[in-house]
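Visitor: Please model the complete structure; the sequences and the hints are all you need to start from.
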Amino acid sequence: MARQINVVLEGSESVFDFSKVDRFKLYGKRQRIVLDDDGNRCEKAELSDDGAAIIRSGMSMQAHFDESGEWVEHGRMVGLDEEGNAVDKVPSTLGVGQELELATPEELSQNEMVSVYHLSEVDCDTALLELLAKGNIYRFPFNYRADYCAETAFLLSNKEGVFVLVTKDASPQWCQLDTVAVEDFSQESDADDELDFEMF
Amino acid sequence: MRKLHLTNPKQRDATVGMAPVKSDIRPHLGLPGEKLEYRRYIGAAESGLHESLVAKLGEDYGQALVDGDPEIDVEYVGQRITRSDRIYLSHGGQVLHHAPEELELILAPDGTERERRPPKVVIANVNEDVPARWTGKKIPKGDVVRRFVLTRTVALQHVDGLTFDFLYGMAKELHESGTMMLMGGGESGKEPLILIPNGSPYRGLLEGRIDGERYMLLLHLSNMELKLPKKAEE
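Quick mapping for you: the protein sequence lines, in order, are chains A and B.
Residues in the first sequence are numbered from 1 upward in steps of one, following my numbering.
Residues in the second sequence are numbered from 1 upward in steps of one, following my numbering.
No lab work stands behind these hints: they were computed from the structure.
No experiment lies behind these values; they were computed from the predicted model shown.
Think of the CB as a built atom: it goes at the ideal place given N, C-alpha and C, for glycine as much as any other residue.
Take these hints with a grain of salt, some might be off.
Below, a list of computed lysine to any residue pairs in the SDA-like style, where the Cα atoms sit at most 20 Å apart [claimed, not checked]: (1) K29/A to P109/B; (2) K56/B to P70/B; (3) K20/A to R147/B; (4) K44/A to P100/B; (5) K141/B to Y138/A; (6) K230/B to G161/A; (7) K227/B to Y138/A; (8) K89/A to A150/A; (9) K172/B to D178/A; (10) K89/A to H28/B; (11) K138/B to N158/A; (12) K44/A to P119/B; (13) K20/A to T151/B; (14) K22/B to T179/A; (15) K141/B to N8/B; (16) K141/B to L131/A; (17) K56/B to G92/B; (18) K35/B to Q62/A; (19) K29/A to E115/B; (20) K120/B to G28/A; (21) K3/B to W174/A.
Selected chain B positions facing chain A (Cβ under 10 Å, derived; list incomplete) [claimed, not checked]: (22) I81; (23) R83; (24) L156; (25) L167.
Guide: Below is the structure:
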C-alpha cells in the first residue's frame, strides 16, 4: 500500500495520498549539452589532479574513514549534535497521524524550502478542508524516512488544491544599528542558477 | 560580502549587504567520540564498469565477480580523489582537447524536446547601475505563501547608519501593512530579478518585520508557483 500523509486536527484524522510537485513538472527545463566534432553528445568526466586517471560516471565512490584510515560502514554511523553527542532517531511520519498546529505565513516564509507535495484526499475531515479554504495554515512534523531530524511541514490550500510544503527550520537574525554585515559568501553555491524557469 | 542595489518606496536607491538565510544546524552523521574523514575515491577502473564487464564476461557476470574480482584494478581502485578538472569525452570515448560546441535543449514537462538552440547569454538585470525596484505592488503575506513557492531567501543588512534607516523604513512599512512587496528588475523595474550573469529569473518578494529598534528585511526569491502540473489537470 502506498504511504500516506495522516494529520489530526482536534481529534479528527485526515488521510491524504501525496505526489511531489517540482519545477520540471510545471515548466519543463533547460539543459546544456556538449557536442563533439561529429555532432554527437559528449560525456562529462573528470581528470584527476595528477592527470593519471580519467574518472567516468560510475567510477567514483565516497565514504567516511576513521583516523586509522579504516572505512566506516554507513550503517554504523549515528546522528550527532553540535557537541558530538548521539541523538535519537526520528521515525518516518508517513502513515502516522501528526497533530496539526495553527501557523502563520511568517513561520513558513522564513524557513528553507525542501519539497512540495500535492495532496489527494483519501479520508478527510471536511472541517479541516473548510478551515484550509478559509486561509488557515497548519504546521506539523514531517519525516519522509527515519533519520535524525524531522522537517517542519506546512499544510495549506489554494484554488489548485491542497499542498504540503516541507521545510527546514531557519532563524533569520534581527538587524540592529550597531550590527555590522560581515557574512562570507565564498561558499555559496550557484549550481541551481543553471536551471531554467519559464513561469514568466 | 554580496551587495544588493535596491530602491525604497520613494524610489531612492542604495546599496546594502545581503546574506542567505540558511536552515538551523541539524544533526550530522558520525561516530560518538571519533573523528571521521569524508573521502572520494576511485571505486572502479574503466575495465570494471558494466559495459566493460559485459563485453568481457557476458551479461550474466555476477558469479565471475564473486569468484575472481575481475572488476578490481589495483592500479586505480582506492586512489583518493582530491581535486579534479572537468573534461569531456567524445562519443568514441576520446578526451576533447578544444572547446566543444554547446547547445541548449528546452525540455517540456513530459521530458520531450521542445527546442534546440545555441545557449543564450543572460545578463543580470540588477546591478550597480540598475536597482531592484520597489514596484508598489503589495501582496498579503498569506496570499504570497499560497501562491508562490519561496525557493530561496536572503536577508538584507545595512552597511552604515544611513542604510539602517533606509532598510528599517521599508521593514516598518511592510510589517505594518502585513504584506510583501513585489520587487522588479531591469530598466523597466518590472522584470523578474536576475541577480547574477546567466542566472535564473526569480520573482522577488520583500518581507519586513520590526521589533522595537530592530528590523528584519527578507527578500524571498521564487521560481515556482504553487500549482498543479498541466498533466494532472487534464
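Visitor: Indicate, hint by hint, whether the structure satisfies it.
Guide: Cross-check of the supplied hints:
no.	hint	verdict
1	K29/A to P109/B	holds, 7 Å
2	K56/B to P70/B	holds, 10 Å
3	K20/A to R147/B	holds, 17 Å
4	K44/A to P100/B	holds, 12 Å
5	K141/B to Y138/A	holds, 15 Å
6	K230/B to G161/A	holds, 13 Å
7	K227/B to Y138/A	holds, 18 Å
8	K89/A to A150/A	holds, 9 Å
9	K172/B to D178/A	holds, 18 Å
10	K89/A to H28/B	holds, 12 Å
11	K138/B to N158/A	holds, 19 Å
12	K44/A to P119/B	holds, 18 Å
13	K20/A to T151/B	holds, 15 Å
14	K22/B to T179/A	holds, 19 Å
15	K141/B to N8/B	holds, 19 Å
16	K141/B to L131/A	holds, 17 Å
17	K56/B to G92/B	holds, 19 Å
18	K35/B to Q62/A	holds, 17 Å
19	K29/A to E115/B	holds, 11 Å
20	K120/B to G28/A	holds, 17 Å
21	K3/B to W174/A	holds, 18 Å
22	I81	holds, 6 Å
23	R83	holds, 4 Å
24	L156	holds, 8 Å
25	L167	holds, 7 Å
Consistency note: the structure conflicts with none of the earlier hints.
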